[in-house]
Every structure is written in C-alpha cells, then in structure tokens.
Amino acid sequence: MSLTRREFVGTSLTSAAAFAAFPSMSFAATADEAIAAYTGGAATSDAGITLIAPEIAENGNTVQIEVSAPGAEEIIMFAAGNPNPNVATFKFGPMSGSQAATTRIRLAGEQDVIAIAKMPDGSFLKAVSNVKVTIGGCGG
Amino acid sequence: MAENVTPRVRAPREASVGEVVSVRTLISHPMESGMRRDGDGNVIPRSIINRFVCTFNGEVVVDVTMEPSIATNPYFQFEAKVMESGTFNFTWYDDDGSVYEDSSDITVS
Amino acid sequence: MTGQTKRAVAAMALLAFSASSLALWADEDADLVVNGEIEMIVRTEAPAHLDGALRTIYSGWVFRQDDTQAMQMDDFDNPGMLFAEQGQELFNTAMGANGESCASCHANAEDLTRVRATYPKWDEAHGAVQTVEMQVQECQTESMGMAEAWGQNSQEMLNMTAYIASIGRGQVIDVAIDGPAQATWEAGKEIYYTRYGQLELSCANCHEQNYGNYIRADHLSQGQINGFPTYRLKNARLNGTHNRFRGCIRDTRGETFAIGSDEFIALELYVASRGNGLTVEGPSVRN
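Protein chains in written order, with the working numbering: chain A, 134 to 273; chain B, 9 to 117; chain C, 3 to 289.
Just so you know, these hints were derived from the structure itself, not from any lab. Positions of the beta carbon are idealized from the N, C-alpha and C atoms, including for glycine. It is possible that some hints are incorrect.
[Said to hold, decoys possible] Taking lysine-lysine pairs in the DSSO-like style, the calculated list, with each CA pair at most 27 Å apart, reads:
(1) K89/B - K224/A
(2) K259/A - K89/B
(3) K89/B - K251/A
[Stated by the list, open to error] Computed footprint of chain C on chain B, listed as stretches where at least three residues anywhere in the stretch have a Cβ under 8 Å from a Cβ of chain C:
(4) 13-21
(5) 79-89
The task is simple: from the sequences and hints, build the whole structure.
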C-alpha cells in the first residue's frame with residue numbers, strides 16, 4: 134500500500150483524543166476576537182517576528198513552540214483552534230537578553246498557532262504557523 | 009491542590025560582563041485545564057500555574073501570564089543579559105494560591 | 003491461505019500500514035547521546051535467540067520525530083527526569099515499621115546500576131522471575147516492615163523505577179533467558195506471537211513485521227522496552243511496561259492481561275530479551 138505523504142497525513146489527522154486536555158469544544162471567544170481585543174484592531178506587520186513550530190506534532194498534548202520578536206515589549210501567543218485560544222503572554226523586562234521564548238503547549242487538533250508582538254512604538258507584528266497534529270490511535 | 013510540585017531551573021554559573029545567557033525552567037504540575045470530566049461526568053476543576061516570573065537582582069527578565077493551553081509540566085526557555093554577578097529568582101504562581109520558588113547564582117567577570 | 007491469516011491480513015489493511023516516509027519528521031539514522039556524555043546504543047545486531055526474525059534491533063527512540071528525540075537528549079528537556087528525581091527523594095525517605103529508607107540498606111545507589119539492564123530476573127528465594135517492581139515490593143514488605151507495598155503502577159513506583167533506570171542509563175541490556183528463567187521466557191515468547199483481539203494481531207505483526215511503517219499516523223517501532231518507564235507526550239506522565247502492553251493489546255480490541263500478571267511478567271522478560279544489546283534509556287521520551 135502506498136500513499137503519498139499528503140494523502141496519508143490527510144487521512145490520519147483528527148482532533149480530540151481521549152487523553153486530550155480539551156475533550157469538549159465549546160469556544161468561549163474566537164482567536165480573531167481575542168487578537169482584535171489585544172491590538173485594538175490595529176493592522177499588523179509580519180516582518181520582524183519569527184514563530185517556530187513543528188509542521189506536524191507527534192502529539193497535541195506537548196508541542197514545543199519558539200517565538201522571537203527583537204525589540205518587542207510583549208509577545209502574546211494564541212492557539213486558534215483551542216477552546217480558549219489564549220496560550221500565554223510574555224512580558225520582557227529590562228534584564229531580558231532577547232525578546233524570545235520557548236514553551237510547550239497543548240493543541241486540540243490541527244490549527245494555526247499565532248504570535249503577536251507589541252512594539253514600543255505601539256505597532257504590532259504577527260506570525261502564524263499551521264501545525265498538524267497526529268493522533269496515535271495505537272499503542273495504548 | 010497539585011501535589012509534589014518540583015521546580016527545576018538551569019542557568020549558567022559563570023558568564024562575562026554583558027553576556028546573553030540562556031535560562032531554562034521546568035516544573036512538575038498537572039495544569040488541569042478545567043475542561044476535562046472525571047469518570048462520573050463531573051468537571052475536574054481548573055488548577056493551573058497562571059504566572060511565571062524570572063528576575064535578576066530584583067529586576068524582571070520575563071513575566072509570563074499562562075493559560076490552560078500551556079502543557080503539563082510547564083517548560084520555558086529564554087535569555088537574560090547579565091552585567092554583574094547576582095541571583096536569578098524564579099517564581100511560579102498556582103491557581104490555589106501556592107507559590108513555588110527557586111533561584112540560581114551567577115558570577116559575572 | 004488459511005482463514006486465520008486472511009483475517010489478519012484484512013485487519014492490517016483496515017489499520018492501513020503504510021510505508022510512506024514522513025522523512026521530514028523522523029531521523030532514523032540519528033545517534034543518541036544524552037547530556038553530551040551518555041552514549042546510547044540505539045541500533046545493533048539482533049541477539050542470537052531471535053533466530054534471524056530481526057537482523058538489527060532498534061531503540062524506539064530512532065522512530066520518533068525530531069522534537070521528541072531532542073527532548074530525550076538532555077536531562078533538562080526530559081520531563082521524565084523530574085520524576086526520576088522524585089524517585090531519588092523517595093529512595094532516601096524513611097518508610098515502613100522499621101523507619102528505614104531504601105538507602106539504609108542500599109547506601110551506595112551505584113550498586114543498583116545493573117538492575118534495569120538485567121531485569122526481569124530469576125529470584126532464587128522465591129523460585130520465580132521477578133520484575134524490578136516486584137523486587138522493590140519485596141524489599142518493602144519483607145525487609146522494611148511495610149504492611150502494604152506500593153502498587154506496581156502507582157506514581158511512587160513509577161518514580162522509583164525511573165530513578166533506578168536513570169542510574170543505569172547507558173548500560174547494555176543483558177537479560178538472562180536460560181537456566182531457571184527459560185520456562186518463563188518460552189511462555190513470554192508464546193504470548194508475543196499469539197494473535198489477540200478482534201483484529202487478530204500479535205505483537206510480532208506490528209513490531210516485528212511492520213516496524214518502520216506507519217500505522218495510521220504512528221511510526222511503528224520494534225516495541226522495545228529499554229526506554230521504560232517512558233514519559234509519553236500523550237499523557238504527560240511516566241508509563242510502565244505492563245501498562246503499555248495493556249494498551250497495545252487493547253488496541254487489537256482484545257481482552258488484556260492485568261498489570262503484574264504472570265502473563266505480563268513472562269512477556270516482559272521475553273520483550274526485554276529482544277533488546278539484549280541495546281542500552282538502558284529510562285526514563286525515555288516517547289509519543
């Protein structure tokens with residue numbers, strides 16, 4: 134049996150697993166609303182911000198994400214497909230050596246991870262990365 | 009209440025003046041999202057660490073607001089710029105009011 | 003083709019084993035060095051007793067995605083080590099009627115370095131093959147005066163076995179299968195090749211004939227246990243060997259054996275022996 138990568142991935146990705154932290158999907162607020170609330174609706178630029186996320190995560194319960202936006206005051210992270218899209222806000226203080234951080238997050242299925250950086254001049258930068266989540270249906 | 013919460017930090021012990029050093033933290037915590045149900049169908053109440061702060065000699069390196077989408081056993085990596093010898097202090101704030109602390113000294117020359 | 007094989011083939015088609023190489027996310031040629039100092043053997047010649055069923059044996063680590071592999075390469079990135087540390091604390095904590103800790107008798111934890119690499123092991127006094135968990139329970143009830151030993155799958159036991167594994171990391175696995183252990187080993191081998199469940203799949207169908215392939219989205223390993231207990235991303239906690247066996251049999255939609263049962267003890271001995279030549283990695287990181 135031979136499937137192309139795309140077909141195979143397409144048939145094998147689903148969202149909620151029994152162990153998932155978010156089995157019931159009731160969306161409190163959408164990511165768009167949360168982002169609008171954060172930026173006050175201001176336009177965002179996609180230059181000057183980097184978001185590193187795996188293209189395919191082996192398990193949605195622990196996905197390592199890295200974000201960097203040189204000069205930012207704050208970076209806020211969203212998982213657009215989670216019941217509560219807010220993930221974390223990083224405020225960088227005077228002792229920070231870079232405006233970058235790595236953390237591990239939960240993703241309830243394939244979705245966009247979004248990072249918005251708030252710059253000292255009041256502008257906002259935005260990066261989006263789509264992450265597919267495999268569901269290991271096997272092996273307990 | 010979360011049991012057996014163990015914080016762990018890793019920062020260099022030595023650095024040169026003005027060096028940017030990498031700091032990593034890990035803490036054992038279930039980060040109960042508040043959206044799961046137990047065997048009887050009752051919602052398991054939310055119980056997460058909702059804030060993490062790292063300071064160096066009293067000044068903030070990074071201050072993180074955390075939501076239930078942060079994975080179990082929260083992990084952070086970030087950088088600090090050190091101009092003098094001193095102490096990193098790390099503080100995690102639990103929903104239940106508990107505060108977990110750790111620290112790490114660094115000699116800067 | 004017998005009816006039995008036909009059904010098994012149908013089951014496999016249903017589960018869609020696929021050779022599609024998601025090369026992007028698994029580096030099967032990578033080498034594992036933990037903390038830049040513990041050199042692991044993640045692939046080596048199969049032990050003679052496998053009679054050519056496998057030419058090379060591989061640690062489950064090589065089948066994991068880059069990110070998952072990386073988490074095991076540094077103790078700080080490996081959340082399983084948090085629990086090994088909690089196990090170390092337990093090792094030094096007094097428990098039981100005699101007010102002793104494990105360290106009271108095992109003052110030098112280094113004496114336990116070979117434990118993970120050589121268990122399950124024949125125990126002369128009990129006339130049976132013992133797992134590490136059983137040995138710890140024996141110390142608790144017979145030496146420490148504890149009324150009740152830790153459960154085989156309790157958090158304390160998982161933490162302790164993670165600690166015992168961690169001090170033996172890098173040790174080459176060499177489980178004895180002859181002498182008094184042989185009958186148990188044969189029983190374990192029998193279980194390994196028995197088809198279970200509605201899908202009528204044996205351990206071998208997945209882990210011997212299809213390792214390296216994908217089953218749904220899971221990259222199948224050889225089902226080795228050199229990395230146990232494993233910290234799984236799936237449930238973000240330590241998982242014991244028998245618990246994993248149970249999950250694998252449940253996935254065939256079959257009735258499974260109990261954690262700590264004679265069947266799983268025998269299976270553990272047999273599966274451990276299939277890894278003779280690999281190195282102890284516990285607590286490892288798996289998906």
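So, going through the hints one by one against the coordinates:
Our distance criterion of 27 Å between C-alpha atoms is met by K89/B and K224/A, whose separation comes to about 15 Å. Simply put, K259/A and K89/B have alpha-carbon atoms about 25 Å apart, close enough for the 27 Å limit, and the pair holds. Distance check on the hinted pair: K89/B and K251/A sit about 21 Å apart at the alpha-carbon level, within 27 Å; holds. For the stretch 13-21 of chain B, the proposed coverage by chain C is satisfied: 3 residues have a C-beta within less than 8 Å of a C-beta in that chain, meeting the threshold of three.
Coverage of a stretch by a chain is defined here by at least three residues with a beta carbon nearer than 8 Å to that chain's beta carbons; for the stretch 79-89 of chain B and chain C the count is 4, and the condition holds.
Checked against the numbered hints listed earlier, the structure breaks none of them; every hint is satisfied.
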